[in-house]
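S.K.: Spelled out, the chains give:
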Amino acid sequence: MTLVWLILIPFIGGLLCWQAERFGDQAPRWIALGTMLLELALVLGLWVSSDFQLPAEGAASVWTLEWQADWIPRFGIQLHLAIDGLSLLMIALTGLLGAMAVVCSWKEIVRRVGFFHLNLLWILGGVVGVFLAIDLFLFFLFWEMMLVPMYFLIALWGHSGSQGSSRIGAATKFFIYTQASGLLMLIAILGLVFAHHGATGEYTFAYADLLNTPLSETTAWWLMLGFFVAFAVKLPVVPLHGWLPDAHAQAPTAGSVDLAGILLKTAAYGMLRFALPLFPEASQAFAPVAMTLGLIGIFYGAILACGQQDLKRLIAYTSISHMGFVLIGIYAGTELALQGVVALMVAHAFSAAGLFILSGQLYERLHTRDMRQMGGLWGRIRGLPGFALVFVAASLGLPGTANFVGEFMVMFGAFGVAPWVVVIASAGLILAAVYSLFIMQRVYYGPPVEETPLAGLDRRETILLFGIVALVVFFGVYPQPLLDTSAGAMQVVQQSVQQAAAMTGGVQ
Amino acid sequence: MSDVANHGVLTTLLAISPLILVCLTVIVVMLSIAWKRNHALSAILTAVGLNAALLALLFGWTLGSVDVTSVLVVDDLSRFGGVLVLMSTLACVTLAHHYLEGYEGPRDEFYLLLTSAAAGGLVLVSARHMTTLFFGIELLSMPLFGMLAYTFRDRGALESGIKYMVLSAAATAFLLFGMALLYAVTGTLDFAELGAALSARGSDPWLLAGAGLLLVGLAFKLSIVPFHLWTPDVYQGGPGPATTFLATASKVAVFLVLLRLFQSTLAFHENWWHDLLGFIAVITMLVGNLLALTQNDLKRLLGYSSIAHFGYLLVALVVNQGLAVETVGIYLVTYVLTTLGAFGVVTLVSSPYIATGGTADASPLHHYRGLFWRRPYLTAVMTVSMLSLAGIPFTAGFIGKFYIIGVGVEAHRWWLVGSVVVGSAIGLYYYLRVMVTLFLHEPGMQRRDATHDWAERAGGMVVLGVATLVILLGLYPTPMINWVNWVAG
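Chains as they are written, first to last, in numbering that gives the first Met the number 0: chain U, 0 to 507; chain D, 0 to 488.
No lab work stands behind these hints: they were computed from the structure.
For every residue, glycine included, the Cβ atom is placed at its ideal position computed from N, Cα and C.
Be aware that a few hints might be false.
[What the hints assert, rightly or not] Computed footprint of chain U on chain D; a stretch qualifies when at least three of its residues, placed anywhere within it, have a C-beta under 8 Å from a C-beta of chain U:
#: 1; stretch: 397-406
#: 2; stretch: 409-422
#: 3; stretch: 427-434
#: 4; stretch: 473-480
Work out the full structure: start from the sequences and follow the hints.
M.R.: Now the structure itself:
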């Protein structure tokens, strides 16, 4: 039942926030914070009390914890939740970033506070559902469901943006991109289910049953593409990234934190959990294409980041660049690379969240995100630029930060499989240094626009930022807890990739 | 047909009793109006009659297939259709009661027309012969002219009524011509016998022409492209309750008779029919969704969206195997619930009726700006309806869309599945636009509100109930699936 509560807590908390608005603006905020901390405590408790080693060969279940109930027997659809090391890490991340999102919008959101927190918590609930569901129907439901509150978050509390692009436009674009690609995934899921029905005569959406569906090569290829496109839009992979810069630029800070920190991770999670294990041979054949797309993403994101004037757009493009590394790591398929992907996802969640929170704080003080109107802020704001330096350093992958661990492991792990990809990708690291230093130079150094000092960080902001910095450095120095937790789950993925490689190798 | 002998008079009467009760209701309400005009009394009598019919329908649930004369058959499918028609009619009665309170003219006759149209719907879902098909369609359509033009001092309503009348006349002409051709070749008007004749002499051009004309007539009623041109104007102009009936009960009944035709006439199983129908389905989805994009009028928008939805539904007819019948059933249930929710809110916001020169209803989208901050629960209903129309998970609409895509994937009709995806993606744009309008707050705009006590009125409760049902069926669709599965059996 713990797993059910993990999903229900945010939803119930959201409803409470909505109703608590009548007791004043503070009530929803505290309830939301309490909800997320409760969620976090629950996950951490699970983390401490569970063992994430792979069970011995032939054990009944590969999951640490499982819960299921009949739902739609007509199609063999079940409410089937399960957790392993990977999902646990992701849910812990969700809880943590959720709490941060609540804290960072404490002063930013002043209108319709209750409804805002309803949406915020429902996004998180949907995300937790995505990480827990292992019935494909249920997974799809959560996958699509989390779009609706995100849409509201951007459309109603977003900033009306620069250059005439409206927040409603950005929200709609986000929604249509992800929903349409999601429908492609639904088609692929149904194709898989009907293929399984044709082979065995029974309908099922259960992950474990569908894993062993016999598929012809072309069918597997098309179905794999259906999954890949849905995940690629969310990750995002260039050329399916069109929604991301707009959505980030217009979203409120909490929305950006959730979007970069968690929502992008659902895509990587989906690839690791579904796209690779369900279609190992097709994925193996697709790997060169995927890695090329990853490379394009690294360079495209980095180069466009260098040319941005809008701070949040810039950070959004750096996300595209980082996700290129994730994509390469996933399709390299070695255990080291896959573990690196996990570390990189966690690290990117922290560094991107930190940068977005900082740009939100700058916006609260300067009422602009245009970097041309910034400059010389080092002397004008107490405290904030120092934190910015740390996150920028993390973003460029400086050793000692968690990002370095992740990127290094991805590159190291992928080198044996695709050396040239790694060689080219490492050139992308230089571009990362370029755009990171651009941020520092344009925003914090140079001649100041005005001389008047701005409000320094208050206690809430300082604690929040300190927390993230501590995590970035801690996992940069000692990533072992992360890696231990996800090792079992990653071994499963790696084995399926290996088997596929062995089989295709055998055919040749 | 061997069943016929086994059924006694009582069984037959019980099977047809819903129709009899609805007709009785018409007469009782008419007499009551003749005796004394009382708006509340008329509404209550109508509601009681319809509920009795609904109960009778449930009592006859286990009878199986009963032939009532050689032109009507009461089977699971017609009971299924009957439930949908009667439920929508009941919802329209409750909405109409609130709506007509502000109308200065005679109010009671609306219920007469509504009930007669419901009787037409009941005949239609039981039809297994061309005569009953024709009779049902006319009985369904004629009262609708009156209902649509009921508030005839409004230009919009009058225009809507007249447009629908002209369209219906055209559709009837096609229908009759088609039937005449079929009869001329085969000498029969019974669906099953026609089907046999069609499969025996499927390539006879006169037969094909007859079947084609018949389909065109029905396509007019379902507003399938290219016979959809009347839809937006009629939807926009008609008074709320009448449009609600047109969008729900009327369309369901006509679609079910179309399904029955498809089931019994084997000629439609030939390939090129399916390709043609598939093409029509694709353009219906695309045209409906594309035209809805730029609408600034909620009722027009819903009109175009209903065109698109019937495009999706056609996918099931094109496939016509495997899950097809089940899909039609599920989709119709979800569509009716969702549409009742959406039009219910429109009607509630427009209630009570206010006389104006143009269109009286709160139909322009900007009337709904910021509705959430004034009527949160009513807006929640509208939001749920929009999400359900867009097919977002955890609403009933998603289950419908799931079935449509499923039936297409199962039959490997990739073009159709692709168009459903494209259509849904386009559709999202305008559904989201409506949704976000409800939540925006821009003071100084012209706007309308539902009355403060909307939730305590029957119409309000029905609308809230419908929205709850949409959510519940989205969360736990098993009862609906079991029911429809049993009907499709």
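S.K.: With a Cβ-Cβ cutoff of 8 Å, does the stretch 473-480 of chain D contain at least three residues near chain U?
M.R.: holds (count 4)
S.K.: In terms of beta carbon proximity below 8 Å, does the stretch 397-406 of chain D have 3 or more residues touching chain U?
M.R.: holds (count 4)
S.K.: With a Cβ-Cβ cutoff of 8 Å, does the stretch 427-434 of chain D contain at least three residues near chain U?
M.R.: Since three or more residues must qualify, the claim that chain U covers the stretch 427-434 of chain D holds, with 4 doing so at under 8 Å.
S.K.: How does the stretch 409-422 of chain D fare against chain U when you require at least three residues with a CB closer than 8 Å, holds or violated?
M.R.: With 5 residues closer than 8 Å to chain U, the stretch 409-422 of chain D meets the three-residue bar; holds.
No hint from the list above goes unmet by this structure.
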